[in-house]
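Below, each chain spelled out in residue letters.
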Amino acid sequence: MSQKKAMLIDLTLCVGCNACQGACKEENRLPPNEEKYLSLTAYTALSKYNDLYIRRMCQHCEVPTCVSVCPVGALSKLEAGPVAYDGEKCIGCRYCLQACPFHVPKYEWSSTKPRIQKCKFCASRLAKGLQPACAEACPTGATMFGDRDELLVEAARRINAEPAKFVPRIYGKDDVGGTSMFYISPVPFEQLGFDSRLGKTPMPMLTMSALSKVPNVLSVGGVMLGGIWWITNRRSEVQAHEAALKKGEAYQREDNP
Amino acid sequence: MRIRLLPRITGWHPIATTLILAGTIAAIARFTYGLGATTNLSDEFPWGLWIGFDFLGIGLAASGFTIVAAVNLFHAKEYEPIVRPAILTAFIGYLLVVLVLIIDLGRPDHFWHPLVMWNPHSVMCEISWCLMLYTTVLSLEFAPIILEKLNIFSPIKWIHAISLPLMIFGVLLSTLHQSSFGSLYLIVPNRLHALWYTPMLPVLFFISCIASGVSMVILESLILSRGRRDFLPTPLRANLAKIIAVTLAVYFVVRVQDLLTRGALHELTTLTYYSIAFYAELLIGFVIPFALLLIERIRTSRRGLYTATLLVVVGFAFNRMNTAITGLEQYPTQTYFPSLIEVFIMLGITAVGFSAFSFIVKHLPIFEAVAASPRIPTEAVAGQPEPIFLSREGGDLESS
Ligand code: SF4
Ligand code: SF4
Ligand code: SF4
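Read top to bottom, the protein sequences are chains A and B.
In terms of our numbering, the first sequence opens at residue 1 and continues consecutively.
In terms of our numbering, the second sequence opens at residue 1 and continues consecutively.
In case anyone wonders, no lab produced these hints; they're calculated from the structure.
A portion of the hints provided could be inaccurate.
Just so you have them, the derived chain A footprint on chain B, three or more residues with Cβ under 8 Å [unchecked claim]:
#1 68-75
#2 109-122
#3 181-188
From the three backbone atoms N, C-alpha and C, an ideal C-beta is built for every residue, glycine too.
Let's have the full structure, built from the sequences with the hints guiding it.
Following this line, the structure appears as structure tokens:
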């Protein structure tokens, strides 16, 4: 089994040069203009909070919400980490847009054969043993590519080495069940536009608690309804029978006055 | 017995024709120019009016399974006259919802994919399957009515032979997907407003669909018995009204208790965009009709029942639209309002539904045949057999 890959994004090292976006656009043959937000043509974008730059992109979650909600399995989690998309399967229900806790997937609204667009974690480069284009382009090492468990150790090492510099948290270590993108930051994540309400449980668990009851509803419900039919049916049979008897008596009485 | 006091819909034909025409044009535009150019949907608001419509349609079509269960599984036989109208409503409702779903898909040409590419973790996948299977069940339940008319009897026997498992299956499928429409939102706790997001969503969706489904049956029976023989005796209708009242009460208790346990009640202490929407929904759809239905005079009066059940349906619409739209808006920075094309497609399809209903009612034995059918012993209506809880009151009132 291949190692699970990840990226570590050290916000203290990012200088906001936008090289990652440039490289990503080149790699994915997207128009080269600079963009401030994730879009159909920007799989990654920098947002600025005071003097910090935060790279946004698909988190390539360990238990991805988008993969779990897609009715046709157009989204899938690859063994190496990327969450991949197959436009040939996609029916365009847009549940993934609705459900992704990080608001990542974007939709080709203006097309008549629309698809989803989002960061691919350069799955094809990974398959060739290369690192993602954005990580390769980063001049300061703010985006660092590697094995997931090694990067976690590295992130913890950096925080422990300079506790005054970082808040003691690796965002993505176990948020929504863990992601493939780790962030370490000098200020609390809530101040940087990270959603602090998401918690550690993978989102798909919320649905599983309901979906797992489906077989029970079918089996128990089936037996119960069948039983109710049987019982109530029996009752009306008895009533019909009794009614018939009564009628019979009445006739008899009429016969013998 | 004619009901004069109800509002009469005059000029229905020209209105329906206009709406259907406008809807067709809107649909052509949607397929030619794509979703972006014709709707107000966006990355921030990927689901809008149409999903709300689907919720509504499915909820109102819940009459299909509730009445079938009551009459054929629970043997509340005195309600037999409303089985066919209920099945017809459900059948049309489901067909239209499937149609809207397909129009809503970004790739309508891929609509069949969920049937071959499964994802058991996806609520959407489960719903697609349930919708497809249940529409099949409904068409089998409906088929005998057409076949009878055409004097083809052999398939009826065949359908009759499997009718019990078929009905049970239909009721189970309905239970599943009625609640699953609520489960769709279980995965967005970070987006849906606390007044609507709750792990209880599937349960609440299920309870409310029973109230709205039965209300629909009452409304239909009131509107359609205008100018012809009333096919549902007043005591039976009053009894259905009691069922609605009880369902509304259960819903109210579950809903409020849930707000309490989640600590979301404080959202209601100030008047906000959301709390106003919430109050509107709960008052119109649950509290007021419940209070009305407690009064016997209203349960037995046509006008009273008309008002109360209409309120239930409107409040139900509020509830579903609030869950699908209001609760997901980030007021005031990010709101959604449907485009004209979205609205026209929805209205057009609704008009198709109503027209289809009135056409079928005219040409197939939906109402009269059952009442006249010798299959039903007269005691069934007079209340002699006393099956179970569903019928008790109705029977007594009628015979006294
Ligand atoms: S961030 Fe969103 S799109 Fe990316 S894997 Fe996670 S759920 Fe899917
Ligand atoms: S829009 Fe496509 S990829 Fe997204 S959930 Fe629907 S079918 Fe899956
Ligand atoms: S991993 Fe690849 S697709 Fe994703 S942002 Fe980096 S370069 Fe772009």
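Status of each hint after checking the structure:
Judged by the Cβ-Cβ criterion of 8 Å, the region 68-75 of chain B is covered by chain A as claimed, because 5 of its residues qualify and three suffice. Judged by the Cβ-Cβ criterion of 8 Å, the region 109-122 of chain B is covered by chain A as claimed, because 10 of its residues qualify and three suffice. Taking a C-beta to C-beta cut-off of 8 Å, the region 181-188 of chain B contributes 5 residues in contact with chain A, enough for the three needed, and the coverage statement holds.
Violated hints: none; the structure is consistent with every hint.
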